[in-house]
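Participant: Chains as they are written, first to last, in numbering that gives the first Met the number 0: chain C, 0 to 192; chain W, 0 to 192.
The reader is advised that the hints may include incorrect statements.
Which copy? The list can't say, so a pair holds if one copy fits it or any two copies do.
[Claimed, not checked] Here are the simulated SDA-like cross-link-like pairs (lysine to any residue), alpha carbons at most 25 Å apart as the crow flies:
#, residue 1, residue 2
1, 89, 50
2, 26, 180
3, 169, 1
4, 169, 51
5, 89, 1
6, 169, 65
7, 181, 165
8, 89, 6
9, 169, 184
10, 169, 19
11, 169, 10
12, 89, 3
13, 80, 117
14, 33, 65
None of these hints come from the bench; they were simulated from the model.
Note that the structure is a prediction, hence the values are computed from the model and not measured.
Protein chains: 2
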Amino acid sequence: MPEYITPFTRQVDLQNGTIPTAPLVHKRYLSDLKGLFHDAAAEAAMMAANPLLYEVHEASPDIPMDDGQLRYSTTVIFPGKVGDEYFFTKGHYHANGSRAEIYYGLVGEGLLIMQTREGEVNIQRMTPGVAALVPPYWGHRTINIGTGNFAFLAVYPADAGYDYGAIAEKGFASLVVERAGKMEVIPNPLWQR
Amino acid sequence: MPEYITPFTRQVDLQNGTIPTAPLVHKRYLSDLKGLFHDAAAEAAMMAANPLLYEVHEASPDIPMDDGQLRYSTTVIFPGKVGDEYFFTKGHYHANGSRAEIYYGLVGEGLLIMQTREGEVNIQRMTPGVAALVPPYWGHRTINIGTGNFAFLAVYPADAGYDYGAIAEKGFASLVVERAGKMEVIPNPLWQR
Numbered sequence: 000m001p002e003y004i005t006p007f008t009r010q011v012d013l014q015n016g017t018i019p020t021a022p023l024v025h026k027r028y029l030s031d032l033k034g035l036f037h038d039a040a041a042e043a044a045m046m047a048a049n050p051l052l053y054e055v056h057e058a059s060p061d062i063p064m065d066d067g068q069l070r071y072s073t074t075v076i077f078p079g080k081v082g083d084e085y086f087f088t089k090g091h092y093h094a095n096g097s098r099a100e101i102y103y104g105l106v107g108e109g110l111l112i113m114q115t116r117e118g119e120v121n122i123q124r125m126t127p128g129v130a131a132l133v134p135p136y137w138g139h140r141t142i143n144i145g146t147g148n149f150a151f152l153a154v155y156p157a158d159a160g161y162d163y164g165a166i167a168e169k170g171f172a173s174l175v176v177e178r179a180g181k182m183e184v185i186p187n188p189l190w191q192r
Numbered sequence: 000m001p002e003y004i005t006p007f008t009r010q011v012d013l014q015n016g017t018i019p020t021a022p023l024v025h026k027r028y029l030s031d032l033k034g035l036f037h038d039a040a041a042e043a044a045m046m047a048a049n050p051l052l053y054e055v056h057e058a059s060p061d062i063p064m065d066d067g068q069l070r071y072s073t074t075v076i077f078p079g080k081v082g083d084e085y086f087f088t089k090g091h092y093h094a095n096g097s098r099a100e101i102y103y104g105l106v107g108e109g110l111l112i113m114q115t116r117e118g119e120v121n122i123q124r125m126t127p128g129v130a131a132l133v134p135p136y137w138g139h140r141t142i143n144i145g146t147g148n149f150a151f152l153a154v155y156p157a158d159a160g161y162d163y164g165a166i167a168e169k170g171f172a173s174l175v176v177e178r179a180g181k182m183e184v185i186p187n188p189l190w191q192r
């Protein structure tokens, strides 16, 4: 007889994308993303205020990190910019690169930016009801390009793991910025293969 | 360099839970579930009309069935009953029993009934915004207990597979029926370990 895990549900707050009963919530402040925004002067100027950029509401942090297990969470990115660059998540590859992930848009308007280690970029628009596949081996970051919260549900293999290093070091090959009041995707001058 | 899969998104219709661009839609009629409802006479009486019970909108049928890959779909169960028993999905275990699944309620009101092979039953109520874990080794079926469509998003490992046999043969240990205008969960007299 296998070691059974007891089924459970969690209610997502459809107004703001949080999981009020989540047993674990990570809060990411600007200081947690130090050095990731392209405008270093704008980043430094905001560091004293150190705004909250996003929260991750982990529904199932106790699910064992075994092959075949799934975890899920919601991420809520608040609206704002550092200089001309919209608030985003740190971004990562899966340490176990063969693991995919599924995102489902809940609230607001965002972009899902994905990148291979060779530098191919793929950008998908995420709004409520949009379900996205992050295939294996693609690094991924989400960006709030709207004026309110942007939130999505994420489902991922419990043994996916995180590799933040590559993106912390080189970022993504594209930046998402506001220019003359409009969202624009531009090449990242600091990015090199 | 890994063989990259190209990322993609699909828009879920938030009014009815369908995926209008799904490349594969399964339609399940009463005749596809012959013998699964407890009231055999009621089932036989409805067989000429052979109503459509539910649809599965597969977003990603071409994702390879490899370890680490994820697929997703929506299931739309129409409202109705066979005798006193609410319309439900066939129900299955994963052939690869160690694979979990995540459900997310989109539209309407349903139940998620899960059962171990030893006969333990767990029932969760699914409404919009409710995310449920179907842990490894639990058989699972969904039931529309409302008056409109019940729809949910499912995310599952692409190598989970299906074992329909055990449930087709013995069903679940509990039945979900309407008695005197109210939903009731009763023991299944035909179910034996």
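Participant: The structure should be examined with respect to each hint, and the outcome stated for every one.
Facilitator: Verification of the hints:
1. 89 - 50: within (15 Å within a copy, 49 Å between copies)
2. 26 - 180: neither (28 Å within a copy, 46 Å between copies)
3. 169 - 1: Cα proximity of residue 169 and residue 1: across copies only (20 Å, versus 44 Å in one copy).
4. 169 - 51: Classified as within: same-chain Cα gap 23 Å, cross-chain 53 Å, threshold 25 Å.
5. 89 - 1: Classified as between: cross-chain Cα gap 24 Å, same-chain 37 Å, threshold 25 Å.
6. 169 - 65: Neither. Shortest intra-copy (30 Å) and inter-copy (30 Å) distances fail the 25 Å Cα cut-off.
7. 181 - 165: neither (29 Å within a copy, 56 Å between copies)
8. 89 - 6: Answer is between: at 20 Å across copies they meet the 25 Å cutoff, but 31 Å inside does not.
9. 169 - 184: within (17 Å within a copy, 56 Å between copies)
10. 169 - 19: neither (35 Å within a copy, 38 Å between copies)
11. 169 - 10: Classified as neither: same-chain Cα gap 37 Å, cross-chain 32 Å, threshold 25 Å.
12. 89 - 3: between (34 Å within a copy, 22 Å between copies)
13. 80 - 117: neither (28 Å within a copy, 54 Å between copies)
14. 33 - 65: neither (32 Å within a copy, 37 Å between copies)
Checked against the numbered hints listed earlier, the structure breaks hints 2, 6, 7, 10, 11, 13 and 14; every other hint is satisfied.
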